[in-house]
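This is what each chain is made of:
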Amino acid sequence: MNNNVFKEKNELDVNKRRQFLKLSGMALVGSGLLVACSSDDDSPIAPPTNTDLFDLGAGNLGILNYAYALEQLEAAFYMNVLSGSYWMGAPAEEKQILEDLYNHEIIHREFFRTAITSVAPNDITPDLEFDFSGVDFSSRASVLGTSKVLEDTGVAAYNGAGQLISVADAAGIAYLTLAGKIVSVEARHASAIRDLLNPGSMDFAGDDILVGIGGSQPAFDKATLPAEILATVIGTGFVVTQFTANNLPTS
Amino acid sequence: MNFIKLLDTLSNKENLTKAGSRRDSFDQFKNFGAKAVLASIPFGLAATSSKAKAATNSMASASFMADNNDVLNFALTLEYLERNFYQIGMDTTGLIPEEDRTVFSTILRHEATHVDFFSAALGNLAIDEPTFDFSGAPGGLALDTFTNYQTFLALAQGFEDTGVRAFKGQAGALANDNTLLTYALQVHSVEARHASKVRRIRGQKGWITQNNSDLPAPFAPIYAGEQNTIQGGVDLAGLFAQFGGNDAVTAAFDEPLTMDEVNTIGGIFIV
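These protein sequence lines map, in sequence, to chains A and B. Under this note's numbering, the first residue of the first sequence carries the number 1, and numbering increases by one thereafter. Under this note's numbering, the first residue of the second sequence carries the number 1001, and numbering increases by one thereafter.
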């Protein structure tokens, strides 16, 4: 397959999906259809039909599956980082930070896998396939820049998901607390990565990522709902496996 | 299961039964519009509170049967403490070296904004700013906080890590109100960004490993319980030998503190 053609088609596809997302309020994540296309297949890509795609589900299960998908993405990214030449030759502090982030994201991922499997073994997000060909793992700027986006996105995603967790039962309160336990670690990560990129600056909690509330100075992290987070994730082009998010709570 | 224990810290079963009201509150906020001025953020709480303005000069008022106003005043007290601490630090000539002043002026600005935010939210229910003594005299200490940068840094780390744990401990109590919960989360993760940065200035990792602390002994409660490995009823101990082991397991999850636990820590500095 010609790589350039692949990339162009991929971008087009991403745009189409974005529009689809916007128009329908439905989230379709992943570029799996495209990958499945053979290079001599000239037929236009059919509008996605969701019958055989995994859907994150509804209610608290949907939120858990959503978090699990995001943790899979982060863990897979750092796995690539640690086998890349930038990391291999990085200064000790940077190596240690990225190795810690790798460990933490693996632990988060496996925690969700275990927790969801225990309550919904047949409705858990499948193991997702990722494509990080857009990241240059020999480049400090590419690795840390991607890490920054993923960690900031994680913070905004957990903050936005808190209100969607139903706390009608004890399990819901436990999920909310768990989201709280994880989101602050993601924020610690984001702070460290941002500081590596611009040491000693205000970027660890910069005005480029924080927001004001009610006209205040920027002093608050974002709290972003899943539809927007998933649009961002689609935009990275990292997620190959397609899944849908048609039943997540929205308020 | 460990998370059930967390429920005890909420000590407010009422909140659990009021879950249905969360959406109402959220809608109320949406109707409010984006041009809201800070002074009138619609938490929708003032009208429902029967509590008089807390005349206390400590956080103790919030330590039992917390309603949302109590939680907000608890948060406000923490933010008062941090703002006051960083303001004195920034104003003390020769304390903060030039290379770190951007960091601390940024943190100060955030804490000041948080103070304004919670004050505005509470309106006339907001407690007055307590009198702080950062030598720790109220707790029997005599710290050289503003003459020794290392002491200042140690306290900054302690306050930020405490703030993260304190907000986290109130998430459940605020779960009955989507708007409040989300605001609290938006503050909570900013405190975590601060904590990570301050820890790294001190040569620590940005995250908390086990219950390790190199702070003065009276501050051990700030890290008590951080060595927990049981999450959502699953004991993760021993499962991640290839991924940093139990140290990484404990670092991957921050643990909450109850109001009482935070009050004990904060009380060291409140006259």
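Since the hints were derived computationally from the structure, they do not count as laboratory data. Treat each hint with caution, since some may be false.
[Claimed, not checked] Okay, derived cross-link-like pairs now, SDA-like style, lysine to any residue, Cα gap no bigger than 25 Å in a straight line:
#, chain 1, residue 1, chain 2, residue 2
1, A, LYS95, A, ALA58
2, A, LYS148, B, LEU1141
3, A, LYS148, B, SER1105
4, A, LYS148, A, LEU53
5, B, LYS1205, A, GLU93
6, A, LYS222, B, GLY1203
7, B, LYS1205, A, ASN246
8, A, LYS222, B, ARG1109
9, A, LYS148, B, LEU1095
10, A, LYS148, B, LEU1125
11, A, LYS222, A, ASN246
12, A, LYS148, B, GLY1203
13, B, LYS1205, A, ASP208
14, B, LYS1205, A, LEU82
On a predicted model such as this, the values are computed, not experimentally measured, just so you know.
Outcome of the hint check:
| no. | hint | result |
| --- | --- | --- |
| 1 | A/LYS95 with A/ALA58 | violated (39 Å) |
| 2 | A/LYS148 with B/LEU1141 | violated (40 Å) |
| 3 | A/LYS148 with B/SER1105 | holds (22 Å) |
| 4 | A/LYS148 with A/LEU53 | violated (30 Å) |
| 5 | B/LYS1205 with A/GLU93 | holds (10 Å) |
| 6 | A/LYS222 with B/GLY1203 | violated (28 Å) |
| 7 | B/LYS1205 with A/ASN246 | violated (39 Å) |
| 8 | A/LYS222 with B/ARG1109 | holds (17 Å) |
| 9 | A/LYS148 with B/LEU1095 | violated (31 Å) |
| 10 | A/LYS148 with B/LEU1125 | violated (39 Å) |
| 11 | A/LYS222 with A/ASN246 | holds (23 Å) |
| 12 | A/LYS148 with B/GLY1203 | holds (21 Å) |
| 13 | B/LYS1205 with A/ASP208 | holds (24 Å) |
| 14 | B/LYS1205 with A/LEU82 | holds (19 Å) |
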